Amino acid sequence: MKMPMQQCLVDDFEVIDNVHLGEGWFRLDIEAPSIASTARAGQFVQVRIGSTDDPLIRRPFSIFDVGPEPGPDATMLRLLVQRVGPGTTAMMQLSAGDRIHLMGPLGHPMPRPSLGEDGVLLLIGGGIGVAPLYFYCRELAAEGSPLKHQVLLGARSSALLIGIEAFHKIGVETHAATDDGSCGFHGNVIELLEEKLASFSDLGQVSGIGCGPHGMNLALRDIAIERDLDFSISLENYMPCGFGACFGCVIEGPADQPLRYRRVCVEGPCFPVRELPEKF
Amino acid sequence: MPASGTFGYGEEFEPFLPPGTFSAIVPKSISVEMRTGNPPPRAIETPSGLLNSIGLQNPGLDQFVESYLPRLQRYGVPILVNVVGRTVEDYCKVVETLEGLPLVAGFELNVSCPNVKEGLLFGLDPLATSQLIRAVRPLTRGVLMAKLTPNVTDIAEQAVAAEEAGADSISLINTIRAMAVDWRSGKSRIGTETGGLSGPAIRPIALRMTMEASRAVQIPVCAIGGICSAEHVLEFISVGASLVQVGTHLYREPTCLPQLLQDLRCLLAAGDFASLDDVRGNFHPDQDRLPDRERQVP
Ligand SMILES: Cc1cc2nc3c(=O)[nH]c(=O)nc-3n(C[C@H](O)[C@H](O)[C@H](O)COP(=O)(O)OP(=O)(O)OC[C@H]3O[C@@H](n4cnc5c(N)ncnc54)[C@H](O)[C@@H]3O)c2cc1C
Ligand SMILES: Cc1cc2nc3c(=O)[nH]c(=O)nc-3n(C[C@H](O)[C@H](O)[C@H](O)COP(=O)(O)O)c2cc1C
Ligand code: FES
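First to last, the protein sequences are chains A and B.
1 is the number of the first residue of the first sequence in the numbering used here; add one for each residue after it.
1001 is the number of the first residue of the second sequence in the numbering used here; add one for each residue after it.
I should point out that these hints are in silico values taken from the structure, not numbers from a laboratory.
Here the structure is a predicted model, which is why all the values come from computation and not from measurement.
Just so it is clear, CB atoms sit at the ideal spot from N, CA and C, and this is done for glycine as well.
Heads up, none of these hints are tricks.
Reference listing, derived: stretches of chain A covered by chain B, where coverage requires no fewer than 3 residues with Cβ under 8 Å from a Cβ of chain B: (1) 6–16; (2) 245–257.
Pairwise CB distance ranges (calculated): (3) A:E226 with B:E1096: 45 to 53 Å; (4) A:R112 with B:P1039: 30 to 38 Å; (5) B:E1014 with A:E143: 25 to 33 Å.
Kindly generate the complete structure, drawing on both the sequences and the hints.
Structure follows, in C-alpha cells:
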C-alpha cells in the first residue's frame, strides 16, 4: 500500500472563522492553500496546541472539507472538532485572525471501492466521525463520480447530528439514527445499518466506509466480517507523531498472520475490515 | 542529531525535509531478531512528557541490512546504528555484520531501554555494561557510544565503567521508568505496567545527570532528554556535554533541527561566545548564585 511520497507541510496558518455549532462542536476554517490543495478525504492534520510544553504532543484531526472545491485550487481547510479536553478547548477559543500551527496532510486517503452500476457505497459515521466522510462526499461530487453512495449517521440525540444538514445541502442521501429517537431511526447507527443491509438483495454490491467511536468501529467490523462485506474503517488511535516515526499508534495485524503491529498513522488511518484484528 | 526511536528509520522524515540535513542519523534500535514490540496502547501524554512502551519494535538485523540500510545510505550522512540485544553475543552479531558498511560510522549501544527487561540488565550493573563494551570494542573501528539509563542511583559509576571498557563516548539519558494509572479501572494507561518517560518533563533530570557524567569521564558526553531549543542545547553544553540528540520534540516539530542550529549561532554571537567550546563546561558548582537582577524573568 505504498503511496508516492507526498510533501508534508509544517507551518503556521491563519484562522478565517470559528463557527460554534452547539454541544461543544465547532468548525475551524483555516486559510492553508499548501495543505488544502493536495489533501484527500481520509487524510488528517496534526495541530500544535499553543507554543508551550503542555499540551505537549500535537492533536490529530481529520480534514472535514476543503474549499472552494476539492482539488488543486482549494485554499481553505476546514476541521470539524468536538471539545473533549485541553487541546480541543484551546482550539475552540481560536478566532478569526489567530494563527494555528498545522502539519499535514498525513495518512492515506480513504479507498474508492470499485462497484458495478448497481453498487452502493455506505458511509457510516458516528459522532465526530462524520468529518472525513463529508470531505469524501465532496470529493465524489467534485469529480463527478458515478459511485452511488448514502450516508448513515448516528448520535445520542438530534442536537448532535450536526453533519446531517451539510450532507443534505450537497444532495447526498442521508439517514440518521439517534439513541433517544429524537431524529430519524430510533436506535444506534449499527442497528440502522443492519436494517439497511436487509434491503439489499446482493450484498456483493454493497461496500462501506465507517468512522466513529471505538465501540461503533468494533461492531462495524464484526458485522462486516460476519457477512463478508467489503468494508473499511477509519481509526482514531492516539498518535504521538502522526508520521510513522514513533511506533506509538499501532494495531495488531489480522489474526491469521504472525503477530505484527501496524502503524495506524502511515498505513491507515483507514483499514479494510479483513486486515483488522477482533479487538483493536 | 536525532535520538534513536524518535526518528524512525529516516524515511518517515522525507516528506518534511531531506534527512541529509542532519549531521548524523540514529535509526531506531536494531536487534538480531525481529521484535514485534509491546501491545497497544503504547503511549500517553503526561504533564510536559510522553510515556511510552513501544518495546523496541524493529525489523531485525537481516531485514535492516536488506531494506532499511540501503535507504539510510542514500542520505549520504554518517549513520550511528543503535543496537540492542538480549545477550553480549547479540550485540556482537549486529556490530560484526554492520561494521565497515558504507556510512556506518559507529554504534550506539542501547544498554538502557526500560521497556524490555534485558536492556536494563546491562545498564543497571556497571560490571555487565563494562563486559558488553569490552566484547564489542574489538569488533569496530567506528565510534562506540554507550547509551546509559537514568534508572540508576549513580550515573557517574556507569559512565566510568563505559569509559574504562573502551567506549569512545557516552550518551544519556534514555527514558525514565514511569507509569500512568487509571484509578477507576485500576489499569495502567499504557499496554505495560510501566513505561519510559521522555520530553521536557525529564530535562532537569537529564541536565543533572549530564553534569555528573561529564565530571566523571574524559570522553565526550552526548546529552539527551527534553531538548527542544537552542537554549536547551547550551544548558547541556554548559554542564559539560559535547553533543546533543533531540528526541520527543521531533514528533511535534520534525523540521526543527536546521532552525535550531541557526538559533545556536545567533545565541552564541549575541552572548559574545566565539564557539560552543567557550560555553562547554563553563558551569561552576561553587560559583555565587546568579544575582537576582541578572536572573531571567521566565
Ligand atoms: C486520525 C484521527 C482523526 C481525528 N479526527 C478528529 C476530528 O475530525 N474531529 C475531532 O473532534 N476529533 C478527531 N480526532 C480525535 C482528536 O484527535 C482528539 O479528540 C484530541 O486529540 C483530544 O485532545 P484534547 O487535548 O482535547 O483531549 P485529551 O485530554 O487529549 O483527551 C480527552 C479525551 O479524549 C480522548 N482522546 C484523546 N485522543 C484521542 C484520539 N486520538 N481519539 C479518540 N479519543 C481521544 C482521551 O482518551 C480522553 O478521554 C481524531 C483522531 C485521530 C487519530
Ligand atoms: C517513542 C520512543 C521510542 C524510543 N525508542 C528508542 C529506541 O528504540 N532506542 C533507544 O536507544 N532509545 C529510544 N528512545 C529514547 C530516546 O532516544 C531518548 O533517549 C529519550 O526519549 C529522551 O530524549 P527526549 O526527551 O528528547 O525524547 C525512545 C523514545 C521514545 C519517546
Ligand atoms: S503516531 Fe507515531 S508512528 Fe503513528
